[in-house]
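**Q** Can you join these two chains into the complex? Each is in its own frame, and there are hints to help.
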Amino acid sequence: MNNLFNRKYIIQGVFILMGLILLGTLFYIQILSDKYFLSADRNVLRKIYTYPARGVIFDRNEKALAQNESVYDLMVIPNQVKDFDTAALCRIIGIDTTRFKRNFNRASAQSRYQPGLFEKQLSIETYAALSEQLSRFPGFFVQSRTIRNYPDSLAAHFLGYIKEVSPLDITNSEGYYRSGDYIGKSGVEKSYETLLRGKRGVVNMLYDAKNVPKGSYAEGRFDTAAVSGDQLISSLDLKLQKLGEQLMKNKIGSIVAIEPATGEVLAFVSSPSYDPNLMVGRQQGNNYMELLKDPNRVFNIRPIMGYYSPGSSFKPLDALLGLQDGVIDPNMTFNCPGYFKVGNHTVKCEHVDGNISLRRGLARSCNTYACYVFQKLITQRKYANQHIAYDEWQKKVRKFGLGGKLGIDLPSERDGRLYDAAYYSSKYSKYWGYSTVLSLAIGQGEMDATPLQMANIMAIIANQGYYIKPHLVKAIGKNHVIKKEYLVKNYVGVDQRHFGPVIDGMQDAVNASWGTARDSQIDGIIMCGKTGTVQNPRGKNHSVFIGFAPRDNPKIAIAVIVENAGYGSTYAAPIASYITETYLKGSLAKNKQAQAEWMKKQVILPDPPKPKVKPKAKLTDSIKDTTAIKAKPIQATK
Amino acid sequence: MTTQQNDRFFFNVDWITILIYVALCLIGFVNIYASIPRADSDIFSFGSNYGKQLIFIFTGLILGFSILLLDAKFFSVFSPIIYGVTMFLLLVVLVVGRNVGGNQAWIPLGSFRLQPSELAKFGTALLLARYVSSFNPKLTTLKPVLIAAAIIILPMCLIMLQPDAGSTLVFLSFMFPLYREGLPGYLLILFWGMVLLFILNLYLTPLVLISSILAIGALFIYYNKKKQQRMIMIGVITFAAIGYLFIAKVIFEKVLQPHQQTRIELILGLKTDPKGAGYNVNQSKIAIGSGQATGRGFLQGTQTKYGYVPEQSTDFIFSTIGEEWGFAGCFVVIALYLTMLLRVVNLAERQRSTFSRVYGYCVASIIFFHVFINIGMTIGIIPVIGIPLPFISYGGSSLWSFTVLLFIFLKLDSNRMGFI
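Chains R and E, in that order, give the protein sequences. Each position in the first sequence, counted from 1, maps to that position plus 69 in the numbering used here. Each position in the second sequence, counted from 1, maps to that position plus 373 in the numbering used here.
Some hints here could point you the wrong way.
[As the list claims (entries may be wrong)] Derived SDA-like pairs (lysine to any residue); straight-line CA-CA distance at most 20 Å:
id	chain 1	residue 1	chain 2	residue 2
1	R	Lys77	E	Leu560
2	R	Lys104	E	Ala701
3	R	Lys77	E	Glu722
4	R	Lys132	R	Asn346
5	R	Lys104	E	Phe700
6	R	Lys283	E	Ile409
7	E	Lys511	R	Leu73
8	R	Lys283	E	Tyr679
9	R	Lys232	R	Gln212
10	R	Lys77	E	Leu711
11	R	Lys77	E	Ser506
12	R	Lys77	E	Met548
13	R	Lys104	E	Asn655
14	R	Lys77	E	Leu512
15	R	Lys77	E	Thr712
16	R	Lys77	E	Arg725
17	R	Lys254	R	Arg351
18	E	Lys425	E	Ile400
19	R	Lys77	E	Gln724
20	R	Lys104	E	Tyr652
21	R	Lys77	E	Leu545
22	R	Lys283	E	Leu672
23	R	Lys77	E	Ser726
24	R	Lys104	E	Ile754
25	R	Lys116	E	Tyr679
26	R	Lys552	R	Asn130
27	R	Lys77	E	Leu715
28	R	Lys104	E	Gly753
29	R	Lys104	E	Thr667
30	R	Lys77	E	Arg716
31	R	Lys77	E	Lys511
32	R	Lys77	E	Gly555
33	R	Lys77	E	Asn719
34	R	Lys77	E	Thr513
35	R	Lys77	E	Arg789
36	E	Lys511	R	Arg76
[Said to hold, decoys possible] Away from chain E, derived, C-beta distances all over 12 Å, residues of chain R:
id	residue
37	Gln136
38	Glu138
39	Glu194
40	Phe206
No wet-lab data here; the hints were simulated from the structure. Beta carbons are placed, not taken as given, at the ideal position from N, Cα and C, and that holds for glycine.
Chain E on its own, in the form it takes in the complex (with noise of 0.2 Å):
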């Protein structure tokens, strides 16, 4: 490489995003600081959680800028493998993965630990693009959505192994990707409407949910009254929902087995568990409500100090950033997210290529699940799944993951002038 060329490679990075990377890092640290129930200690003790996270960011990103240093074209071409070796590290962990907290997720390395479900987002990720890339498939015909599904899915299923519900969730996310490749907007619409419905059909009597059902069928009806095919269709489709809703109950009574029914039932707040999720949510949003418009100030939380969130520096991290800092610190924090996602997929959209294009568009649809779902939860409106904050959760595996996840893009990004 000459001098020339480095000039040239770090002109093209796109420090923006960069900027709100390590933005967010540092915000995940001092986060992290205060939500350690600790004695006055050394802030940059590295026995400490927040001295391993500082260790984390530090390797992170000299993890990314090693990334950055790669050839462009060794994601495309490494793809397939790098994919193999993610399943193939998703089965390892089955059989010699660690136990927490109910997952069987992580493999002991040394002091540290995998988590081969993190890995496996880029991998998948990774494998998509290549595969919209090279075969240019046709996303409204059968056959490339079933082998688009097969590749997200593999994964799902393997997860959902451990059993990790949170992270086989977050492959859903790759819809987005598929979409803007031509995936017609109807079937999300469908997806969406059937996972819907399924939740509506444990919430809502069936003589309710029908009776609106065909309400808002004759509704549609009578705007369309013009358009004889548009009726037909829509009588069918509200049919059909009709008959969903009773294939949707007898899967949840007769094929689930009881032990997850319950689970579904508590994610969906049917059943009340004060002791347990409910608890964690209670706690959670106390503490961000108790920050009011600007916080309490920096290591002022109460909730955050004397531990009443637990898995406050991983899962409930917002707590903390919405108590001590309040509505304020949570406008930025939202806005730095919100302006990294449309950044990165402008970005993308920028990509000669379309496997930087399909892999742009999978990094901002990953990451904008996991902060949706993430401070979603922490806030009470969606159940309790057990996924990290992007950046700023405590975690090595998670922060790595997501470094790794966004450097290759922006690799593939400083490379778009060349041919991949």
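Bound conformation, chain R alone (with noise of 0.2 Å):
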């Protein structure tokens, strides 16, 4: 019996032992881990997002361009639906029962207890006649949500658009945004999508097991208010900018007008356009895909990202690094026979003009005297061979905004096109010289320019000296904040003195009697500026034409270009001209409103594309046809 009497001691045994196992097993899942606990806390907390309105976007006088507008998304909990009417529903809200088999199938996917999204961005019409109903429908609730309305349609390839987030946005945010959110995809509402969404608002709600709320986590002290997204004041001028459309309706071409002093886009129309609105709501998709089919390609930002060969609006350039140089002084004259001639290569002036200075140059806009000025600089004795001379040239051209994106606060930019002289050394070995690249004299070959780059020229020239980085946002929220980089002054390495005689010469272009851009004066106002013609073997040529107004103490600089639109002064300088005068004087005078209208109304479309491919557009001065060069590579001279 004594042995028996033990065995009380292994059933206590047994007993503690098995307790021991039981605190051990809390012992580990109470305290060493902490997985249960995050469990329980993804078990009742659902974090309900509120989404802030976008910024507004306004014009330089504070008129809306981007405002906001509520829509209303209709939501679902499958598990919450019971039986109810589906037609009423589908007829309510426009959809037919395919859909909204769709519609309800991709929800349950998502989840079957959580609100997942049925039909997005209902009217307020709809959304009005839905609610008297909806307790019709249980499981289907609508939450309101703002989307964007642009109220003058203007301006789309500024504005850009916003769109509901790709996957791979989701992953390169690192967790801000989540599916269905909106992000800006182009234009401003891409550029400046960080200050324009604004900050989600969170409400941490606790939910039981039956998915019902129950209240704020912890009351409301880790919640969060959503904070509207920042206002963005834009360079642009509202009435400019629709002025600009309409002129440039039906014709492909840019027109970007800078205000000098502030560097700030006062006009920046990329034809053709479309109504941004489109880009909104429902028929987005839809819509893009329509807009894509366009043979003009819609999406195009041409002002920043159409390449055009300078022509014309280069050669102020030539004058100011010769005068900067030494090489030439304002009245030191070449002689122009009527062409320009070095070794087997020669480039034609469209006049005789026999001795010719500065002035007289640029305002007949004469091959010949920048040809002489680009030799003179190439074969300077202080550089040790033409070579480096060049290289020097192109380094000082590129201070001109040439070459290089000038960093507007769009995406998209595009460099232009500019080489230095390894590139030429690698095309050519090393036989060749300033003969070799002598269209560049003339903003021709080698040498592409954005209409934003010709545009921030004719700034430079207005400026006599410098720029301010041209931009669109000119300031930022409530306190109108500016960015630094915009009071900074770039300075081109052109003394302010040597600018007089080029203006001079830009003035009588467009208002003397022998200038070429007669088409653009302005009664009271002196315009400086030149034209341009781009030759297009596949049509008609391109117009062009860039400058600034008044002469002194100028308020606009100027680029307008239409493609196929033929002589310079026909189509550019007119628009450039009721740009200006309209800027300048607050409206066109009569007789410059009639001829607006017209200009208005005339249709220039290149015939529809012949699936070709198409060579690439060579640029004549304004005295028409200035002969290619055919380049032929000479020895350099040391």
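**A** Have a look at this one:
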């Protein structure tokens, strides 16, 4: 029996052992592991997001260009849906049963217990009709959010558009965006996304096992309110932009107008354009596909993406660089026999002016004068050889903002085109010299500029030696914060005293009887400018005008390009003058109004494209047909 | 009864056990109160579950103290009749019982429901104690073991017909008192070994299992290489075990019905059923785990408050304790149980009567089995077997039967000097 008495301890031992096993397990799951603690929070806590209004975008006079409109998303909690009249719901929100099933299955696939998007962006009328009868549809509810609305349907390329985030956007944002959020996809909406989007608010709600909300977590200590996005004051002038878009209607091309003193872009027209409201709402996808079909490439932001030979607009640079390096002076004359010849390279002029000085050379857009200056610049004795001289030259040209991005506050800006000496050395081995690249003297050959760069050159001349980085948003937020970089003057390395003679030449081009840009004269205002005509083998020439006004204390620098419109003087110059006059005087003179109306009605669109590789457009000077230069290597002189 | 007798009576009752009993009942009430989803309402509202539990506790106490007033001999003398009545009720429930949650376990009695399987526990315990004390059987021989087994297996079979696997398994706890009274230890080891092998047989592939059995056998033979007899015995056991594997497999696949196979597989976690048993355990573990060291505080458990753990006031009441009182609370509860269990065993050992001792061991074993399986299931180390946590889980039948079970022993103990 003594033996059996000891069994008491065995049994008690088993009790204690099992108790310790329980305590050990409890110790693990309660103290060592926090997995369960976190799971409990995941069970009950749901973050309910409140969406802030996106920042409003104003024009420079604080008229709204982009504002917000309430829309109503129909949401569904699948497991709360009971039998109901599906046909009635479909009728109210205007969908068919196929779509109904697809929407419902999509929402169910995401979660059966959590609200999912059923049909997005119902109009306020639909919402009104629906809300009266919503109780008939258990499990459905409406959540309001705001979408964009563009009251004047203007400046589509500047504004860009917003769209639901893609999975890639979500990954890249490191957790900021969530499925169903909107993000700027182009234009200012994209480049200022982080300011415009505001801050999402969050309410931490507790839910029970049946998914019924039970109030906020920790008395809302961790909740945040939604903060509206910052407003943006754009530099655009609504009136100017509207006029520009009307003038460019049914034409292809760009207008860029800059306020020289500030670098603020006053007008930013890219034609053909589209109504930005098309890129909003339930039809966004369809409209987008329609617009993509346009052969004239509606989404091309031509002012910053279009490549054009600068042509005549480059000639002032020749003169400025010549004056700065001291290879010419304003009174120095060159003989123009109607052509410039070196070896067997010939650049023709439209006119025979005999001895021609800087002022008249610019006014008459003399190719010979430009070539002489270029020759003198590249063959300066202070450089060991022409390659070094050329490289120095192209560096100086780049200071004017050519051959590289100006850094405007829009996505997709392109560089333009300008090569360094190393490029030519690798292309021609060492057998090249100024005559090989002579066409650059008249802004042709291997050189392209965007309309923005051309307008910026005018701003530099208007400012007599510097530019402020061109930008489209002048002030941010309620406090009108201005970015520091927009206060910096970028000097181009040419002294102010050299600008006078060049401006004289450009003044004559517009105002003198012998000028090439007389079509852009404005009564009572001295405008300075130049015309250009880009040859286009596929159709008519492109019409170009660049300029600034008024001559003293300039308020506007402008570049206008109308593709396939022929001479610069016929379309681009008048359009530039209407814009300039409207900006400077507030309105057009009576006689000009009629002309402008006529201009708005003109249709200049290319023939439907042939499915062939198109040759590159060539540019001739405003004085019609400059002969193309045959590039032939000549040995660089020492 | 004289006053003097009364004094001695109260002096003789083990107040420590009663104190622990009351503490556990109150812990139960507090946590049932916490785990009922509610709008803020009166804590003593008798219409609600926690209100009812309060009534159960009071009536339980009255029941317990009435038992203390009965004559100790009553239980020994009437044990066959009590056993018979409970077996009869187990039969009755199969005919007139209410089907609750798939089990036909309840006999409706007015507004209350009687659960005969709860009564069968102390009925069986009483008869077993009576058998051992009256016949002084040698549990090392076959016949007494078979008789004892029959007493236990009859209610098991009847309860299995309901079917209520959880309550059936509780009857395995009678092995402890039988072991204490002389049942050879190797029989227990053999039994549990067979159960273990049966389970492992479903988890592991035959190759792994057979090779591990052979390896263990070889190891034992190596350590006993001097003793030839033992070596032979180990060899026989090893091969018997391997043979048993095949028989077990055949039983599982040919004898058991498909739905029974499924149930076993579910219990063993070989199949998952996230919306069924798996969901409960997972949510229960989350609740207990989220309590961390000191708990979220009374009425602060989100799992509890927002109804994430099903059956939280009954079988899963421990998850509320774990969540709101943390490891500290769990420790206190388990410590209270262990104290009570060790105390009852000690009390059993001081009995002069075999009847009281055997019954005491039965009480400790039944409570132990409930506690270990219930808590083990809420923390996921034991499959979900729906049995309540003694004194704490919500429910009158459960509380009263445990009260009766315990207080009969306390009565027997208070009378330990007398003869039964």
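**Q** Can you give the numbers of the hints that this structure goes against, from lowest to highest?
**A** When the structure is compared with the hints, none of them turns out to be violated.
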